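Input sequences plus hints: build the corresponding full structure.
Protein sequence lines, in the order shown, are assigned to chains A and B. Here my numbering = 1-based position in the first sequence + 75. Here my numbering = 1-based position in the second sequence + 75.
Among these hints, one or two may not hold up.
Pairs involving identical chains hold if they fit within one copy or between any two copies, as the list cannot separate such chains.
[What the hints assert, rightly or not] Each computed EDC-like pair below joins lysine to aspartate or glutamate, with the alpha-carbon atoms no more than 16 Å apart:
| # | residue 1 | residue 2 |
| --- | --- | --- |
| 1 | 264 | 129 |
| 2 | 107 | 378 |
| 3 | 359 | 134 |
| 4 | 264 | 182 |
| 5 | 384 | 101 |
| 6 | 188 | 162 |
| 7 | 338 | 326 |
| 8 | 131 | 347 |
| 9 | 270 | 326 |
| 10 | 384 | 110 |
| 11 | 131 | 363 |
| 12 | 131 | 348 |
| 13 | 270 | 378 |
| 14 | 107 | 346 |
| 15 | 112 | 373 |
| 16 | 107 | 171 |
| 17 | 276 | 265 |
| 18 | 276 | 201 |
Rather than coming from a laboratory, the hints here were simulated on the basis of the structure. Computed from a predicted model, the values in this text were never measured in an experiment.
Chain by chain, the residues run as shown.
There are 2 protein chains.
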Amino acid sequence: MKKLALALMLFAQPMLAQEPAPSPNEIVDQAKPEEWKRIAAEDLLVMTLAPVAEGKPREVVIQLMPAPFSQGWVDNVRLLALSGYYDGLAVIRVQDNYVTQWGDPAEEEADAKPLPDGLKVMEEGEYTVAYAPDIMAYLLTPNGKRSTVQSVEPLPPMVGTPTKFSDAYAHAVAFAGGFPVAAIFEIAKDSVNGKPVRRPKSIWPVHCYGMVGVARGMSPNTGDGSSIYTVIGHAPRHLDRNIALVGRVIEGMEHLSSLPRGKGPLGFYAEEEMNKRTPILSVKLASELQQIPQPAFEYLSTESETFAKYAAARANRRDPFFIHPANGADICNIPVPVRRVPSE
Amino acid sequence: MKKLALALMLFAQPMLAQEPAPSPNEIVDQAKPEEWKRIAAEDLLVMTLAPVAEGKPREVVIQLMPAPFSQGWVDNVRLLALSGYYDGLAVIRVQDNYVTQWGDPAEEEADAKPLPDGLKVMEEGEYTVAYAPDIMAYLLTPNGKRSTVQSVEPLPPMVGTPTKFSDAYAHAVAFAGGFPVAAIFEIAKDSVNGKPVRRPKSIWPVHCYGMVGVARGMSPNTGDGSSIYTVIGHAPRHLDRNIALVGRVIEGMEHLSSLPRGKGPLGFYAEEEMNKRTPILSVKLASELQQIPQPAFEYLSTESETFAKYAAARANRRDPFFIHPANGADICNIPVPVRRVPSE
Numbered sequence: 076m077k078k079l080a081l082a083l084m085l086f087a088q089p090m091l092a093q094e095p096a097p098s099p100n101e102i103v104d105q106a107k108p109e110e111w112k113r114i115a116a117e118d119l120l121v122m123t124l125a126p127v128a129e130g131k132p133r134e135v136v137i138q139l140m141p142a143p144f145s146q147g148w149v150d151n152v153r154l155l156a157l158s159g160y161y162d163g164l165a166v167i168r169v170q171d172n173y174v175t176q177w178g179d180p181a182e183e184e185a186d187a188k189p190l191p192d193g194l195k196v197m198e199e200g201e202y203t204v205a206y207a208p209d210i211m212a213y214l215l216t217p218n219g220k221r222s223t224v225q226s227v228e229p230l231p232p233m234v235g236t237p238t239k240f241s242d243a244y245a246h247a248v249a250f251a252g253g254f255p256v257a258a259i260f261e262i263a264k265d266s267v268n269g270k271p272v273r274r275p276k277s278i279w280p281v282h283c284y285g286m287v288g289v290a291r292g293m294s295p296n297t298g299d300g301s302s303i304y305t306v307i308g309h310a311p312r313h314l315d316r317n318i319a320l321v322g323r324v325i326e327g328m329e330h331l332s333s334l335p336r337g338k339g340p341l342g343f344y345a346e347e348e349m350n351k352r353t354p355i356l357s358v359k360l361a362s363e364l365q366q367i368p369q370p371a372f373e374y375l376s377t378e379s380e381t382f383a384k385y386a387a388a389r390a391n392r393r394d395p396f397f398i399h400p401a402n403g404a405d406i407c408n409i410p411v412p413v414r415r416v417p418s419e
Numbered sequence: 076m077k078k079l080a081l082a083l084m085l086f087a088q089p090m091l092a093q094e095p096a097p098s099p100n101e102i103v104d105q106a107k108p109e110e111w112k113r114i115a116a117e118d119l120l121v122m123t124l125a126p127v128a129e130g131k132p133r134e135v136v137i138q139l140m141p142a143p144f145s146q147g148w149v150d151n152v153r154l155l156a157l158s159g160y161y162d163g164l165a166v167i168r169v170q171d172n173y174v175t176q177w178g179d180p181a182e183e184e185a186d187a188k189p190l191p192d193g194l195k196v197m198e199e200g201e202y203t204v205a206y207a208p209d210i211m212a213y214l215l216t217p218n219g220k221r222s223t224v225q226s227v228e229p230l231p232p233m234v235g236t237p238t239k240f241s242d243a244y245a246h247a248v249a250f251a252g253g254f255p256v257a258a259i260f261e262i263a264k265d266s267v268n269g270k271p272v273r274r275p276k277s278i279w280p281v282h283c284y285g286m287v288g289v290a291r292g293m294s295p296n297t298g299d300g301s302s303i304y305t306v307i308g309h310a311p312r313h314l315d316r317n318i319a320l321v322g323r324v325i326e327g328m329e330h331l332s333s334l335p336r337g338k339g340p341l342g343f344y345a346e347e348e349m350n351k352r353t354p355i356l357s358v359k360l361a362s363e364l365q366q367i368p369q370p371a372f373e374y375l376s377t378e379s380e381t382f383a384k385y386a387a388a389r390a391n392r393r394d395p396f397f398i399h400p401a402n403g404a405d406i407c408n409i410p411v412p413v414r415r416v417p418s419e
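This is the structure in structure tokens:
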């Protein structure tokens, strides 16, 4: 029998009396059509990398972050793409278990590519968003039930019931508008009865595998969007609230994660290996692509019932390969399902 | 100014009145010589992959797991290496954000390589270890102080003090013998006063980036060591307690993480891309290598004061790049420092 580190095999085990539990992917396959949300064409970036030796194209698709997160930087990235700034740049850094980064190789030199007018200068305070009731952030909860951050329940006790979606970097983790986010809470007085209540204070997007962010220099520089990175290793969550996230890779991630690692400091390509830099032919918004049909994608609404069931199944693997359901999951182990669909 | 997604730049910021806090790596650089522990040569596996096009050798070094974890599987891996079983096999699977796996491409066929005699058949119960007081597992605690699992304190409250080393997959995370582990607790009666006390029940090694495990088929098959994988993405902690970990990659990880991803199911190379399989020339224990000097490595003792300070600094980044220390860290974001040293 073929050995699989993780076998998503779909046949029932003879020793099981009952039906095997559906896998997370099988749950997603049963989603209702209306639970899938179309990603707007102006929220899709298509990056084309120079072909590899055999001449095949390498295309990476990035979904930009929705409001209210990082919108100033997202605007900058859109402007840079529309102006053609990224066309002809290169991947300049690949640090193992960390990030792949692209930008202008001549950035510090006289022949650096000029930036377009109109880029916004963002403040560090914009890394997070003050909580407001219209932010529909769905917390991860046990048993596949949904809970908005307004009605969050206390965490289960530490002994007896294993923790569910505990997080080392925040008070709670959630999904908002299709993206993973984290939140810190504060104690406030209930407006009706004056009793102390716990309520969210600030929310921010989190650094999971494939998330895309804006490189920057030392604080208070927050980056202008001219150099971008994506996470290619274990989620570097210590970067949360320290750097702006603008989206995530939704297709073609392997073209960025499998590139040769740089031997210079921080994984930048060293002088003698500049030939390893991957040229970027173009970065375009899907809405400006001439090709017909334009690429189109949907994500599974993180406010849907199916997403809640999917998250619960990721936390309690009961498909046949597993003997110990963890009864909990890291938010970065609950990737939001995305699928390519025919253009409208 | 050059933009860095994570700048470990060592100059002081002009706006800072005080000295910048040392980075985690700077703390490690100040470790006392006796805090570094030599890894025994029989715990080192050296895997040599076929050279890439330019003819450079690709060497991967794996540190095997210490007692009391997974020792039956570790014995199997040593036996397989000593018997030459792995020599001439290949990397057969690379699944993005998951695992790179190697083994016998002909495993299911008539010309499959014969296994050596003497391989142990392990039980699923061996994925975890029942807690015993001689397991020196050091829990992660705030402020760089150390705490053994015997004297664990309750977690800090959820509001006010951010969580520190909360974990979604276990009651606590810790380090034992240089490896990351997780534990579940139980309520028991104190042997002296009969009061209920919390004590560890079972402990297991965890799936972080670069950890090495034994592929298996469907349960109750636990794998014999003939096919091995390493984690190349976000820690797939749901595999904990479901599969045996036998070690971790300590050098040359990039040779496994940057390989072309397979297009078949689960990232196995499909029929038309068998040429992407990377041949394994040999896998030897360092202790049997003819080369002089033999490769030698040390790890920073996870029971040392410096390791505790390093873990605390990973959880509270105060080096100049950071504006928001997270005040917490995922155990997989605290990689155990390892360094190559001259052979004795």
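When Cα atoms must be at most 16 Å apart, do residue 384 and residue 110 count as within-copy, between-copy, both, or neither? Answer is within; shortest intra-copy Cα gap is 13 Å, inter-copy 47 Å.
Taking 16 Å as the upper bound on the Cα-Cα distance, should residue 264 and residue 129 be classified as within, between, both, or neither? For residue 264 and residue 129, the Cα distance exceeds 16 Å both inside one copy (64 Å) and across copies (67 Å).
Indicate which option fits the pair residue 276, residue 201 if close means a Cα-Cα distance not exceeding 16 Å: within, between, both or neither. Within. Shortest intra-copy distance 14 Å satisfies the 16 Å Cα cut-off; inter-copy 44 Å does not.
How would you classify residue 131 and residue 347 at a CA-CA limit of 16 Å: within, between, both, or neither? Between copies only: 15 Å across, 26 Å inside.
For residue 270 vs residue 378, is the C-alpha pair at or below 16 Å within one copy, between two copies, both, or neither? For residue 270 and residue 378, neither the intra-copy (30 Å) nor the inter-copy (45 Å) Cα distance is at most 16 Å.
Give the relationship of residue 107 and residue 171 under a CA distance limit of 16 Å: within one copy only, between copies only, both, or neither. neither (39 Å within a copy, 28 Å between copies)
Could you place residue 188 and residue 162 in one of the four classes (within, between, both, neither) given a Cα distance threshold of 16 Å? Result: close within a single copy only, 10 Å intra versus 50 Å inter.
Between residue 359 and residue 134, at a C-alpha cutoff of 16 Å, which is it: within one copy, between copies, both, or neither? This pair counts as within: shortest intra-copy Cα distance 11 Å, inter-copy 39 Å.
Give the relationship of residue 131 and residue 348 under a CA distance limit of 16 Å: within one copy only, between copies only, both, or neither. between (23 Å within a copy, 14 Å between copies)
Regarding residue 112 and residue 373, is the shortest C-alpha distance of 16 Å or less found within a copy, between copies, in both, or in neither? Only inside one copy: residue 112 and residue 373 sit 5 Å apart there, 51 Å across copies, limit 16 Å.
Under a CA distance limit of 16 Å, which applies to residue 264 and residue 182: within one copy, between copies, both, or neither? neither (51 Å within a copy, 65 Å between copies)
Can you tell me if residue 107 and residue 346 fall within 16 Å by alpha carbon in one copy, between copies, both or neither? So residue 107 and residue 346 fail the 16 Å test inside a copy (53 Å) and across (34 Å) alike.
In terms of the numbered hints stated before, the structure departs from hints 1, 4, 9, 11, 13, 14 and 16, listed from lowest to highest.
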